[in-house]
Amino acid sequence: MRTAMANRLTPYMFMAPAAIIMAIALMYPLGYMVWGSFRDWNPSQTIGEAEFVGLKNYIFLWNDPNFHESLIVTLKFAFFVVTIEMVIGVGLALLLDREIRGISVLRTMFILPMMIAPVVVGLMWRYMYHPTVGTFNRFLDSIGLPRVDWLGDHALTSVIIADIWQWTPFIFILSLAALQSLPRSALEAARIDGATAWQQIIHIKLPLMMPVLIVTALLRLIDAFKVLEVILVMTEGGPGLSTEILALRISRTATEFRELGVAAAMSNYLLILLLLLTVGMFAFNRWQEARAARLNALVEEES
Amino acid sequence: MPTIRLDNLVKRYGNVEVLHGIELEMAENEFTVLVGPSGCGKSTTLRMIAGLEDVSDGEIYVDNKPVSHLEPKERDLAMVFQDYALYPHMNVAQNISFALRLARRPKSEINAKVKEVAEMVGLTDFLGRKPGALSGGQRQRVAMARALAKDSGIFLFDEPLSNLDAKLRGQMRAELALMSQRVQKNMIYVTHDQIEAMTLADRIVVMHGGYIQQQGTPEELFKRPVNKFVAGFMGMPPMNFLDGALEERAGEMWVTGDGFDLRLSGEIAAKAKAHSSREVTLGIRPSDLNFAEDADPATALTLDVQVSEYIGAQSVLLCKCGPAQVMVEVNSETPVALGQTLTFAVNQRGVHLFDRTSENAL
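Chains A and B supply the protein sequences, listed in that same order.
For what it's worth, the working numbering labels the leading residue of the first sequence as 1, then goes sequentially.
For what it's worth, the working numbering labels the leading residue of the second sequence as 1001, then goes sequentially.
Heads up, none of these hints are tricks.
Label-pair distances were calculated between CB atoms; the ranges are: (1) Ser104/A x Thr1199/B: 42 to 52 Å; (2) Pro1237/B x Ser104/A: 41 to 51 Å; (3) Pro1237/B x Thr10/A: 53 to 63 Å; (4) Gly31/A x Asp1125/B: 49 to 59 Å; (5) Ala1337/B x Glu289/A: 57 to 67 Å; (6) Ile202/A x Asp1165/B: 30 to 40 Å; (7) Leu182/A x Ser1056/B: 19 to 29 Å; (8) Phe79/A x Pro1088/B: 26 to 36 Å.
Sample of chain A residues facing chain B (criterion: CB under 10 Å; computed from the structure): (9) Ala186; (10) Leu187; (11) Ala189; (12) Ala190; (13) Arg191; (14) Gly194; (15) Ala195; (16) Gln199; (17) His203; (18) Ile204; (19) Pro207; (20) Leu208; (21) Ala292; (22) Arg294; (23) Leu298.
Note that these hints are calculated values from the structure, not bench results.
Built from N, CA and C at the ideal position, the CB exists for glycine as well.
Given the sequences, and given the hints that come with them, work out the whole structure.
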């Protein structure tokens, strides 16, 4: 009796340390943040000293035009970044999915940007975008075109370009992996059925890659909502609020405006947004698995 | 429909030559089976005809026109793959009609065609299903239907039955044989299974090591194999081989070896007499040995029965003849006890002799 009980408890005992660490490292700060978001909280106070204000911070943000602006910038940034990265990344994968000399070197080179620390990427691009000594404007000078005010008038476009440069490889490698795991014979069958290279992409490759592409896009979307360092280094959110994405606004609210409660509430809004996306992703996965299971059951029933 | 001719077809991967000048002609509406063990080059040959592999040297002619520079879709052919190669995201009807839709045929024609071939292979009730919701045999039928729908003159099969279980394989084999009689096409079929080859083919091409060993009707290959490889490959259970020497005694040809001494007669004796080398391998099929206690010892083998494999009406006896193992196919009613030494008469027309070094038939 006792041994049976001990046996049943064994797995939980093994999992306990991990569970405790998870609780402390993950749930505690999260709970702290949620708790803090209901308070008018200054960094010089302990959380206990801060005044409880209920939903005030949330309501304030709901009506705050600056927060709206920041949210719109974030959504714009995420939308353009993910769309363009998907198009370029998948396109590159389709182009480079072949055996030519030096292809592995080429693939490695394409992946390099992803390996560079975001702060370095930000610095690099800031120098390249510099109005007088930057690479781009010097190049424009040399071919006799007018200079562009990269980080001024076109700040959002410029940070989008930098992000695309850094994160397209992520989509590229995942798409390439998806492409290379496609059934070769189905593609050969398509060739025999008379599909041109383009028709093979449209009718066979893309539909078969779709599950991977959807998950990839969602992962990138979640990442894009949280991007901070590159923009912080390049523009610090400026000029005006034109590149002040949510993560940056949260960080400034906490450090510059010293309003921890508002920052926490903002974080929670972002968290809810990301949760919705993640739940969407899980729902999609579950739906696919359920469909596969249903099909298998159907086959088993018949045989 | 069209004739196909392979002219000195060579395939190299880097420096390794895997096909060494294949010469082959396939007449109109002929069912040709390429058969051989793994790695013999049969699939490569088929894939070169399909246009999925480049031709390293030589040429493929379809109706006397060279085609090796053409894309697969320009070659008027349909193909059934070993793993079926269905499009997993399309339902059965879409799979079948894919080629027609790419060719922008009118909708009414496509629908009629899908209906026709689906009926032909018995898939009418499954047109809305995706391949994932079909059993192995049904997938196989979809692959067949898709190839049929194309209406091309050449039909290629790359080991189409090897992923099915034994029972289903037999059934599909019969259906294939039936279909090949109904549709007038030039069919080329690759398999490693000699039973499939024997039952389906108008003509069998046996390949080994990148060379064609022999081609002919199933009967020709079975009765008159040109070398030891073909003799051993065709027929189940396989032919028995015994190393021996030719001797001439009192005007008669004998082949003797460890555990046997056999007198030759008829055509084979004449061939043996004319042959220069004395070192030969004797080949006798298990079905050409008949249990006969009172057989003339000069035309019989005396064998120690070791194991009896009961397979129904027939049994296969595994016997020893000197150091060599010999299989004998007998009626299961034959009274045989293990450990016995029995005499089996040799069917003289079933005696094959191969030169020991060249392994070619005498």
